[in-house]
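K.L.:
Sequence order for the protein chains is R and U. Using our numbering, the first residue of the first sequence is number 1, and each one after it goes up by one. Using our numbering, the first residue of the second sequence is number 1, and each one after it goes up by one.
Wrong hints could be hidden among the right ones.
Copies of the same chain look alike in the list, so a pair counts if it fits in one copy or across any two.
To be verified - Dumping the calculated EDC-like pairs for lysine to aspartate or glutamate here, alpha-carbon to alpha-carbon at most 20 angstroms:
id, residue 1, residue 2
1, K223, D240
2, K121, D240
3, K223, E138
4, K2, D23
5, K274, D124
6, K121, E269
7, K65, D316
8, K121, D267
9, K274, D240
10, K121, E279
11, K121, E239
12, K274, E239
13, K223, D281
Hints in this document: simulated from the structure, not taken from any laboratory.
2 protein chains.
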Amino acid sequence: MKVLLNGGVAGRGMKILSERFGDRVSLAQMSAGDEAATIAGHLAWAEVMISINYDAAMPPAPNLKLLQIPASGLDAITLAAVPAQAAVCNVYEHEVAIAEYTFNGMLEWVVGLARRNAAFKGGDWTGTPSLGGATRGELSGMTVGCLGYGNIGRAIARRALAFDMNVMALTRNPRALEPEPTFMGGYGDLGKVLAAVDFLVICCPLTEGTRGIIGAGELAAMKDSAVVINVARGPIADEDALFAALSNGVIGGAVLDTWYQYPSADDQEIRPSKQPFHELDNVLMTPHISGWSEGQQQRRWARTGDNIEALMAGGDLINLIRPAQP
Amino acid sequence: MKVLLNGGVAGRGMKILSERFGDRVSLAQMSAGDEAATIAGHLAWAEVMISINYDAAMPPAPNLKLLQIPASGLDAITLAAVPAQAAVCNVYEHEVAIAEYTFNGMLEWVVGLARRNAAFKGGDWTGTPSLGGATRGELSGMTVGCLGYGNIGRAIARRALAFDMNVMALTRNPRALEPEPTFMGGYGDLGKVLAAVDFLVICCPLTEGTRGIIGAGELAAMKDSAVVINVARGPIADEDALFAALSNGVIGGAVLDTWYQYPSADDQEIRPSKQPFHELDNVLMTPHISGWSEGQQQRRWARTGDNIEALMAGGDLINLIRPAQP
Chain R
1 MKVLLNGGVA GRGMKILSER FGDRVSLAQM SAGDEAATIA GHLAWAEVMI
51 SINYDAAMPP APNLKLLQIP ASGLDAITLA AVPAQAAVCN VYEHEVAIAE
101 YTFNGMLEWV VGLARRNAAF KGGDWTGTPS LGGATRGELS GMTVGCLGYG
151 NIGRAIARRA LAFDMNVMAL TRNPRALEPE PTFMGGYGDL GKVLAAVDFL
201 VICCPLTEGT RGIIGAGELA AMKDSAVVIN VARGPIADED ALFAALSNGV
251 IGGAVLDTWY QYPSADDQEI RPSKQPFHEL DNVLMTPHIS GWSEGQQQRR
301 WARTGDNIEA LMAGGDLINL IRPAQP
Chain U
1 MKVLLNGGVA GRGMKILSER FGDRVSLAQM SAGDEAATIA GHLAWAEVMI
51 SINYDAAMPP APNLKLLQIP ASGLDAITLA AVPAQAAVCN VYEHEVAIAE
101 YTFNGMLEWV VGLARRNAAF KGGDWTGTPS LGGATRGELS GMTVGCLGYG
151 NIGRAIARRA LAFDMNVMAL TRNPRALEPE PTFMGGYGDL GKVLAAVDFL
201 VICCPLTEGT RGIIGAGELA AMKDSAVVIN VARGPIADED ALFAALSNGV
251 IGGAVLDTWY QYPSADDQEI RPSKQPFHEL DNVLMTPHIS GWSEGQQQRR
301 WARTGDNIEA LMAGGDLINL IRPAQP
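Just chain R, with the same shape it has in the complex (with noise of 0.2 angstroms):
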């Protein structure tokens, strides 16, 4: 079998793949910066593509059984430019990473560790209970609200019951889902579930439907002192609008960890948006690392490897977005 690699997921993938499979596959792997006839010549060549963008610019495949997409989301594929006789399948196995970031997030707004550890190791004992500190919140008792209830969503439940927070889900398809939600909606219940939260998770996928999805009207829906938690894509929650609900106290605070622009190999400098997110205090903002673990990483090579192998002995594919079109 064929492996073509492209991007920066080769390097790993090269390794882990290689190991695995030994000589009953050939790998080779490529970038978007290879001579036009190089990137030609692989994708004439390859059975599997394993790649997270692929558009009308790709070069015929002609031999493409298989584009295995090593990430989750699909905004960087044009399904249509996939040549038809190829299954397109992605992989999950973020969750519990996103979950664990999403609880930091949480955790660090209401109890603040991280944030009293550098006052403290200042030398200042503010908050202190025995000098009359402040009381702060706890999570237990208060409503974080999943906007997508798929495996993030479904994850980030789960931990949250056990810290007896209240639950509301929403979804495109509301039915019965494990583990059970507090509440339960359709994205027509937005309003009902904006106006009850203390965290807002975005953890939908980005789509025409999704795309700017949490504006103005959203934010100024929510309690003054709520918090935008956004581990899906940036442009879920409108760029402008979410600033300046943030800059005007129109919410509480956010927690981002997905953007409206991101750095490429030429250009490393750039901001994450054209906003000053990094001006305010009330926003903790990372660079699209909440899904980004050892663990998520080797159960991401090990079902693609899954893929493969079910491609060469004729099983069934799994994740599979869009069957082969004989």
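Assemble chain U onto chain R, guided by the hints.
P.N.:
Chain U in isolation, oriented as in the chain R frame:
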């Protein structure tokens, strides 16, 4: 009923008890800095005393029926000094707050959201996956040891199990307790636990049996990546041995909320240890705030009021540490 409140807790307590009991109680407050004659008058008068400390220097309290400790720790109480005719009770209610603090610490250790926030606000994309950032670990699959499996240890365990962690519990009297930990043992199993844990949470009382129980030998028995979390009392971990282990890479780090030296009204500049823990990058440290939540305070004063009510009505006292001796 004549109720005397001692020390820093008095302000909040006067308000809460006054609202609850109205003219059913007479309230007074004192502090250690009052004149001796004033203190003697208060103690001669009181039927209930609410205080976190009591020792042989207290003047006679012939009318005292209840010493109510508005906290959990007994280490500032000399039980033998409390008049025999008085019952002694404490309160807990801090376990939710301390469990949330503990998870803030463990997650900041593994995910590092606040640490990464500081770098990213400075414009540094280091760690972002598309530029080849390193992966991190997951709490999932890690092992947390609870030295003590009372209210705090069990609150931590319930959350840890939802995070798919292994839980090793040590308690003086191993028995079936909810939630069921992965391993349950007595203090004689400390060596087994030390060798296995990624996080060791100290959450037992400070007694002559636990003072210094985590010393140089115990720290050397841990993984060099292990993290000690102390939410109980500083001296349960030997001050010099802990500092040496952290300085020399014997263990990976520590999250420390409880200390060896505390500020007084006269000296708020004192460092929390004679050792410069504040100079160590592998220490997260806070000023004894792990349990200091608004919910904890409301629950503690509710329980304290319940005991005053029980005393007036002849009902059963809750959290009775020592009965009145007729």
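K.L.:
Hint by hint, say whether it matches the structure.
P.N.:
Quick rundown of the hints versus the structure:
no.	hint	result
1	K223 to D240	within (19 angstroms within a copy, 47 angstroms between copies)
2	K121 to D240	between (36 angstroms within a copy, 18 angstroms between copies)
3	K223 to E138	within (17 angstroms within a copy, 32 angstroms between copies)
4	K2 to D23	within (11 angstroms within a copy, 86 angstroms between copies)
5	K274 to D124	between (36 angstroms within a copy, 16 angstroms between copies)
6	K121 to E269	between (31 angstroms within a copy, 12 angstroms between copies)
7	K65 to D316	within (13 angstroms within a copy, 75 angstroms between copies)
8	K121 to D267	between (36 angstroms within a copy, 17 angstroms between copies)
9	K274 to D240	within (9 angstroms within a copy, 50 angstroms between copies)
10	K121 to E279	between (23 angstroms within a copy, 8 angstroms between copies)
11	K121 to E239	between (35 angstroms within a copy, 17 angstroms between copies)
12	K274 to E239	within (8 angstroms within a copy, 49 angstroms between copies)
13	K223 to D281	within (18 angstroms within a copy, 37 angstroms between copies)
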